[in-house]
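Protein chains in written order, with the numbering used here: chain Z, 1 to 270; chain Y, 1 to 240; chain W, 1 to 238; chain B, 1 to 257; chain L, 1 to 257.
Mixed in with the good hints there might be a few duds.
Said to hold, decoys possible - Below, simulated SDA-like cross-link-like pairs (lysine to any residue); rule was C-alpha separation at most 20 Å, straight line:
| hint | chain 1 | residue 1 | chain 2 | residue 2 |
| --- | --- | --- | --- | --- |
| 1 | L | Lys214 | L | Pro237 |
| 2 | W | Lys79 | Z | Thr233 |
| 3 | W | Lys127 | Z | Gln122 |
| 4 | B | Lys87 | Z | Arg48 |
| 5 | W | Lys175 | Z | Gln122 |
| 6 | W | Lys79 | Z | Glu232 |
| 7 | W | Lys42 | W | Phe231 |
| 8 | W | Lys86 | W | Lys175 |
| 9 | B | Lys87 | Z | Glu232 |
| 10 | B | Lys87 | Z | Arg180 |
| 11 | W | Lys127 | Z | Ile100 |
Please keep in mind that the hints were generated in silico from the structure rather than gathered at the bench. This structure is a prediction, so every number in the text was calculated from the model and none was measured.
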Amino acid sequence: MSEVQIPSAYVAPKGRSLFEPHRIFLMLVFAGLIFCVAWFMRWDWLPRYQDRLIYGIGQTLLMLFSTAIVGFLLAVPLGLVQVTGPKPLALLARGFCTLIRGTPLLLQLWLLYYGVGSLFAQFPEIRSSFLWPYLRQAWPYGFTALMISFAAYEGEVMRGAFAGVPRGELEAARAFGMGRFTLFRRIWLPRAIHRALPTLTGETVLQLKSTPLVATVTVVDVYAIISRVRQETYLTYEPLLLLALIYLCLTGILVYAFRLLENRIPTKGV
Amino acid sequence: MDATLHLLSLTSPGWGGVLLGGLVASLQVAFGGYLLGLLIGTGGAAGKLWGGPILRDLLEVYTTVVRGVPELVLILILYYAGTDAVNQLMALAGLPSVDISGLAAGIFVIGVVQGAYSTEVLRGAILSIPPGQIEAARAYGMSPLLALRRVTLPAMLPFALPGLSNLWLIATKDTALLAVVGFAELTLVTRQAAGTTKAYMTFFLAAGVLYLGITLVSNLVIRAIEKRALRGMTRPGGAA
Amino acid sequence: AAQELKVGVAAEPYPPFSSPDASGKWVGWEVDFMNAVCAEAKVKCVLTPVAWDGIIPALTSKKIDAIMGSMSITPERSKTIAFSDKYYNTPTAVIGPKGVKFDATPEGLKGKVLGVQVSTIHADYAKKYFGPVVSEIKEYQTQDEANQDLASGRLDAVQADLITLQAFLDSDQGKACCEVKGNVKDDPEILGAGVGIGLRKEDTALKDKFNAAIKAIRTNGTYDKISKSYFTFDIYGK
Amino acid sequence: MAETAQAIEVRDLYKRFGPLEVLKGVSLTAKQGDVIALIGGSGSGKSTFLRCINMLELPTAGQVTIHGESIEMKSDGHGGLMPSNRKQIQRIRTKLGMVFQSFNLWQHMTVLQNVIEVPVHVLGQPRDKAIEVAEALLRRVGLYEKRDAYPSFLSGGQQQRAAIARALAIQPLVMLFDEPTSALDPELVGEVLSVIGDLAREKRTMILVTHEMKFARQVASHVVYLHGGVIEEQGPPEAIFENPQSERLKKFISSIH
Amino acid sequence: MAETAQAIEVRDLYKRFGPLEVLKGVSLTAKQGDVIALIGGSGSGKSTFLRCINMLELPTAGQVTIHGESIEMKSDGHGGLMPSNRKQIQRIRTKLGMVFQSFNLWQHMTVLQNVIEVPVHVLGQPRDKAIEVAEALLRRVGLYEKRDAYPSFLSGGQQQRAAIARALAIQPLVMLFDEPTSALDPELVGEVLSVIGDLAREKRTMILVTHEMKFARQVASHVVYLHGGVIEEQGPPEAIFENPQSERLKKFISSIH
Ligand SMILES: Nc1ncnc2c1ncn2[C@@H]1O[C@H](COP(=O)(O)OP(=O)(O)OP(=O)(O)O)[C@@H](O)[C@H]1O
Ligand SMILES: Nc1ncnc2c1ncn2[C@@H]1O[C@H](COP(=O)(O)OP(=O)(O)OP(=O)(O)O)[C@@H](O)[C@H]1O
Ligand SMILES: [Mg+2]
Ligand SMILES: [Mg+2]
């Protein structure tokens, strides 16, 4: 272990390129590894499942974006009332966030689907209502659980973001005659979102990583498709490795997309 | 639901004892996995900061993969591949295959996942130490190891504590995912109890209360630890 | 020293064959059967609950050494693992809610939502015979959850092994809601030749030992004695 | 509204924070074109007075009239006042251009967006007209090149000039400055003072809290010395600075030089 | 080690950062009891020189000798030097008491713990003896009452005095000060300077980088003016300050006054 390097003004022109000798060596090792995986493992099932896999990826992304967007819309009031809301409402929101963040998502999902879902069925009014065709399916429960979870985690982030907007900027808006709603719409909210943006990337990746849980309540996403492959082919590793690769790619794309978005809005000093 | 409350009693035919057993199993895995993760994280952070280029790149791959793949998938892969690999190694060494208990496998799996996150938390914390603190240690003739032990590690603590507390809470909840590999932790025994008795709501709510209890108690303990560890180190509300 | 064998069962309740009781102990016909067979074969068996959808990988990756989890012997599975001789065989049935009339044929299930347990012979069968006509086949991690969704009305029908369905229909919940709609047409290619002990292909000695033990408890009356306390009829089948 | 109305008329303003009485009856009148410099020691209540004018701080008692229109207040039941007409206050505020000590530019908008924000979204002006006006203003404060930069990329002096442009964009009847240069490095103070000096020469009505005595003397038409929550002395700058009457003002002025 | 050995002898020190040559052959000798003040413009290499003495910065070329013991260096293969004996450097560092501009007290230890840290954990002194010495030192710098406080609760001046006590606790042969007062508010500078002044009167060997010319003149036995990486002029304080020879030093001194 060498001594801790003191960060200094002068940084030697250190190649961060992909093509340093040791990187080339590592890449060769990885290429070899991938070749072994491709060559010695069984991949003949891939063409048969190709269409379903693409469908599954689509479902996963649909689940991700729908829950993230709706969850975020919910997170805004959750964060806001904790900062300015009347005391009872603030406590309620705080309790909600603690409750959701304090219990595993898997348990919440099962509670919703097997617990609450089966309660619905006991009421003939619900069974005969127009809602029933939806309530008897699995995705509304998966959607709700994921959405609530995102709302709770992001609500906490938004709370910090709302509270962190400098008071002076709000005061300036007031001094120029903005009404409460205009102030919220034009200054407070956009400024808070601006502050929350960097954490949003991380939260969205976490959300992506939570989506496979819905497969445990019969929602068909890419994880469910891979489970089916595992059960039908009795292969242990190949489908799981492919699945890991798929999620890794999705994460990479997400992070990249968010970075593009962030670069469009300078966040220096925010 | 009131009618099913007796199902929670601690002795048979109540399932309370089984739930508590699951809770203990969950806590064991969470604790073991967390400690293992800290161990990996300490090594990982040291490697990322002071290691050679190859080690650094490999650690980067490790943390990127673990943080980009759902825990559920990692758990499945590690659960099968991890024990498989151990047994293959044992076979290579000419030893009989060992019996890897669900507990050990669970700790291993959670530990590997936690390790990646700990690596980042600890690395970030070490980088947050004002460089002058470490420079002063060098200026007074401390050897690198002594400086690490006496200055770097303790000075890092205030920066690492929030992240490490968070990781502990994540560890307790990630144990629920071991249900998918049939490890009898709290979530799985809850499902078994619910399935057998059909009292789904009762058991899921009971498990929820137990998990929430863990979180709330943990929060209290964390706050106490933070208060002790940071005692005096920062001026209340002021700059450190 | 007696060799210790880890015997996998599904980690979910599958009454009356295997399910945990309130003290966390596993009970049921198959647990008793396991004890009898292992005693006969003079091996020490440890019951090990495993997630059902990973039970074959668990066997091949040596997490467990045998499966006694009501696993049917099918040609498809036989490609990956070996089976002992069958130790029981029961018909496959479809159940549904009481008020609605239909039978266990493609015509009867037309447009219905059918539930099966994932990676079972029933799932394969349903996909082949009913897949084209039903509105959806939902696959559940455990049989119990499928039953639950039938009771709550989210499913129109459930296909599974008759005995385990019967156990559900005998429960309060099952009595209130559902009834047997009939047995499905047999297809040995999919539904297999009964339930056997799943083993790794290379463990042929173990397989011979179990085959002999099954034969022995069939002839010495142990098998019938165990069955009598659970069933009123012979579950060994033809 | 009579032609001869005062730009600002404040009568008997009181303000207390809990037990602390900060303003103890302050009255002040500014005619159109007046440049009033408010001076006084730290904690004497200068900022509070300025903030009471546009009701960022609600006075405990007193009356504020802007161009002949009195702000309607009613008792809040705890011995203080509260606005009885929120819309009126919002409207009146759009006639008062406030420039803060710490700029308070909106960090998520570019300089140009900051300047057109209120004209477009509060006053409802058409966007392209607002941009036209804003660009002219930015040119005037020497920030035209920086119009698409975000505030955090500007120096303090540039930020304060942008804040002045933002205040001017609403074509205010009165500009209110609260120590507009005290958050700046000495080298940046000059550029901001020169912009304010220009405004003063144009006879724009201004109330200016400042610690820059030399500057106050140059630009102010009237200087008000606040002490302990009351106006201790006021008058034309020459009188105040050359010939202070009260002991306290004498001490204050000598401590500054 | 001869009796007459110099406390510090630096010969022909060179230091480059990448393309930038900061020190271009600096030599300096300090006898025991000397107080050397290092002055010079910003960026002239004063800090770098001081940091090279205890090898916090590795010189590109040159030789450093502390009390007759030369620091062993070897080529690092990239045109620079590296220590060939890490243990030796660690030992020599314990003879040099460094006081940093930004104090660099260890924030996780109380003042007393900071002072006894090196004696106990590096020099291996018994803990109670170290505490005894430390308390005497803290009393001397006027911090005895604060010995159990954490650094973040102290004022800058108090922190710097604690840092001086920490440096004194190792009974250094030479004290190195790098602008010990420039991170302090003007009102706190005095208390630190008075402690350093006391040390100077005790004839403790010191090398002192400072911008406080008046102070340098009072306490230094020798003043060194660094410019552009070389010693432009040196001599007794009277000569340097009253009668500078080089144009640059003349300008530097006049710019200071
Ligand atoms: N929101 C508030 N709550 C309580 N006290 C306040 C508040 N705002 C100001 N004060 C107090 O009112 C007094 C006058 O404050 P004010 O800011 O008006 O002084 P000032 O003349 O602007 O001084 P400075 O030159 O330091 O800005 C001070 O004692 C201050 O502490
Ligand atoms: N680690 C480093 N990497 C690159 N350049 C450096 C480093 N340290 C110092 N320098 C450069 O070396 C030059 C001399 O720096 P040094 O800190 O020694 O000056 P100084 O005389 O102490 O100035 P000041 O009075 O401002 O402290 C400067 O130009 C500085 O930018
Ligand atoms: Mg003020
Ligand atoms: Mg310096």
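Quiz item: Does Arg48/Z lie within 20 Å of Lys87/B when you go C-alpha to C-alpha?
Solution: With a Cα-Cα distance of about 67 Å, the restraint between Lys87/B and Arg48/Z is violated, given a limit of 20 Å.
Quiz item: Between Lys214/L and Pro237/L, is the straight-line Cα distance small enough, at 20 Å or below?
Solution: Roughly 10 Å separates the two Cα atoms, so the pair holds.
Quiz item: Is Lys127/W close enough to Gln122/Z, meaning Cα to Cα at most 20 Å?
Solution: Not OK: Lys127/W and Gln122/Z at ~30 Å, beyond 20 Å, violated.
Quiz item: Does the structure keep Lys86/W and Lys175/W at a Cα separation of 20 Å or less?
Solution: violated, 31 Å
Quiz item: Given the proposed pairing of Lys175/W with Gln122/Z, does the C-alpha separation stay at or below 20 Å?
Solution: Measuring from Cα to Cα gives roughly 15 Å; hence the hint holds.
Quiz prompt | Pair hint Lys127/W and Ile100/Z, alpha-carbon separation not exceeding 20 Å | solution = At roughly 38 Å apart (the allowed maximum being 20 Å), Ile100/Z and Lys127/W break the hint.
Self-check item: Proposed proximity, Glu232/Z with Lys87/B (alpha carbon, max 20 Å)
Solution: violated, 69 Å
Quiz item: Is Lys79/W within 20 Å of Thr233/Z, Cα to Cα?
Solution: holds, 10 Å
Quiz item: Is Lys42/W within 20 Å of Phe231/W, Cα to Cα?
Solution: Roughly 27 Å separates the two Cα atoms, so the pair is violated.
Quiz item: Given the hinted pair Lys87/B and Arg180/Z, is their alpha-carbon gap at most 20 Å?
Solution: Since the Cα atoms of Lys87/B and Arg180/Z sit roughly 11 Å apart, the hinted pair holds (cutoff 20 Å).
Self-check item: Holds or violated: Lys79/W to Glu232/Z, with C-alpha atoms at most 20 Å apart
Solution: holds, 11 Å
Of the numbered hints given earlier, the model fails hints 3, 4, 7, 8, 9, 11; all others are met.
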